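Peer 1: Please construct the entire structure, taking both the sequences and the accompanying hints into account.
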Amino acid sequence: MSDHLLTYVLRQGDRALVLAQRLLEAITHAPEIEEDMALSNLALDLIGQARALYSYAGEIEGAGHDEDHFAYTRDPHEFLNPLLVERPNGDFAHLIVRQFLHDAWALPYWSSMQHSTDATLAALAGKAVKETTYHLRHSRSWVVRLGDGTDESHERAQAALDALWPYTGELFDADGVEDALVADGVIHPPADTLHEAWRGTVANALEEATLTMPDDGVMQRGGRVGRHTEAFSYLIGELQVVARAHPGATW
Amino acid sequence: MTGSTADWPLWEVFVRPKRGVSHVHSGTVHAPDAELALQNARDLFTRRSEGVSIWVVRSSDVTASDPDDRDAFFDPAADKSFRHPTDFVLPDEVANM
Chain A
1 MSDHLLTYVL
11 RQGDRALVLA
21 QRLLEAITHA
31 PEIEEDMALS
41 NLALDLIGQA
51 RALYSYAGEI
61 EGAGHDEDHF
71 AYTRDPHEFL
81 NPLLVERPNG
91 DFAHLIVRQF
101 LHDAWALPYW
111 SSMQHSTDAT
121 LAALAGKAVK
131 ETTYHLRHSR
141 SWVVRLGDGT
151 DESHERAQAA
161 LDALWPYTGE
171 LFDADGVEDA
181 LVADGVIHPP
191 ADTLHEAWRG
201 TVANALEEAT
211 LTMPDDGVMQ
221 RGGRVGRHTE
231 AFSYLIGELQ
241 VVARAHPGAT
251 W
Chain B
252 MTGSTADWPL
262 WEVFVRPKRG
272 VSHVHSGTVH
282 APDAELALQN
292 ARDLFTRRSE
302 GVSIWVVRSS
312 DVTASDPDDR
322 DAFFDPAADK
332 SFRHPTDFVL
342 PDEVANM
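Chains A and B are the protein sequences, given in the same order.
In terms of my numbering, the first sequence opens at residue 1 and continues consecutively.
In terms of my numbering, the second sequence opens at residue 252 and continues consecutively.
No wet-lab data here; the hints were simulated from the structure.
Only a predicted model underlies this, so the values are computations on that prediction, with no experimental measurement involved.
Be aware that one or more of the hints could be misleading.
[As the list claims (entries may be wrong)] Each pair of labels, with its calculated beta carbon distance range:
hint, chain 1, residue 1, chain 2, residue 2, range
1, B, R309, A, E207, 22 to 30 Å
2, A, G237, B, V308, 42 to 50 Å
3, B, S273, A, Y234, 44 to 52 Å
4, B, R321, A, V241, 53 to 61 Å
Heads up, the beta-carbon is just placed ideally off N, CA and C, and yes, glycines get one too.
Peer 2: Structural data, given as structure tokens:
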């Protein structure tokens, strides 16, 4: 049970941290300085969520590891985030569509997690749901504007959607880890309920954005069990370089 | 990523620091439309809990007084001290005036 919970909490913490790291890479590259601020605010919220989840992971594990241990000392194959959040930024449309596909999942996820039987996760969800409500509002606003904007922005937004769609299936995967925790009421809601909510949010936004929802083809998966895409090792390399060069440094 | 935002209009941002206090001009943001101007204003001006409400107004919609009109507009008020309510004592219960 506690092994399952540890794996599950790390999956969620890694999802938040890796997405935050991708957003931070975009700072100074957003279309306008105002959007740089917006992206860094999203990233900071996600880092806050990751820190709380990693601290909890340390408690569950009981080996005296703090949040920095989980972020800075694990190797790439030990990270358990879904592949979607590690996809490279590409152009602004890719970044925003990735964020939107994630946020449309994260809002119903955290909303439901407020009813988790795990008091720590439920408390964390209460904070995360407010942050995520804003994230979704922002990313959705941009998806609509890019899709229903100029010919070029529409084309780029559709290309991003088509490229990222195969990474959405993994968000709803459940293995033995999730199954056990759903049974215990730790995870709310089960994946199919979440998928329905996600699809509704996405369909609604894409219609307003005049974008076409891609067909569900073959879905890419593996991140949740530590099999990552090529770009991932560079992301982790950059994330950890200072901590690895100066272990335990403080300032 | 590249983006030409030279055509993003400027918006004036007004933040209400707390209930019962007026919105105060806080600065400006660039944004393509009102909804994103509001979001940008939130991200730039309330990230340290500075406010409970935000207004944004297109800068081009603000009609401003001309600095050259300063004498005609403001000097005539300078010698009318009787307009100041200095003879009234403000009760302690009245805050934020």
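Peer 1: Compare the structure with each hint and give your call.
Peer 2: Results for each hint:
Remark: the range hint 22 to 30 Å for R309 of chain B to E207 of chain A is upheld by a beta-carbon distance near 29 Å. The hinted range of 42 to 50 Å is satisfied by G237 of chain A and V308 of chain B, whose Cβ atoms lie roughly 46 Å apart. Between S273 of chain B and Y234 of chain A the Cβ separation comes to about 50 Å, which falls inside the hinted range of 44 to 52 Å. Between R321 of chain B and V241 of chain A the CB atoms are about 57 Å apart, so this pair conforms to the stated range of 53 to 61 Å.
Against the hints set out earlier in the document, no violation occurs for any number.
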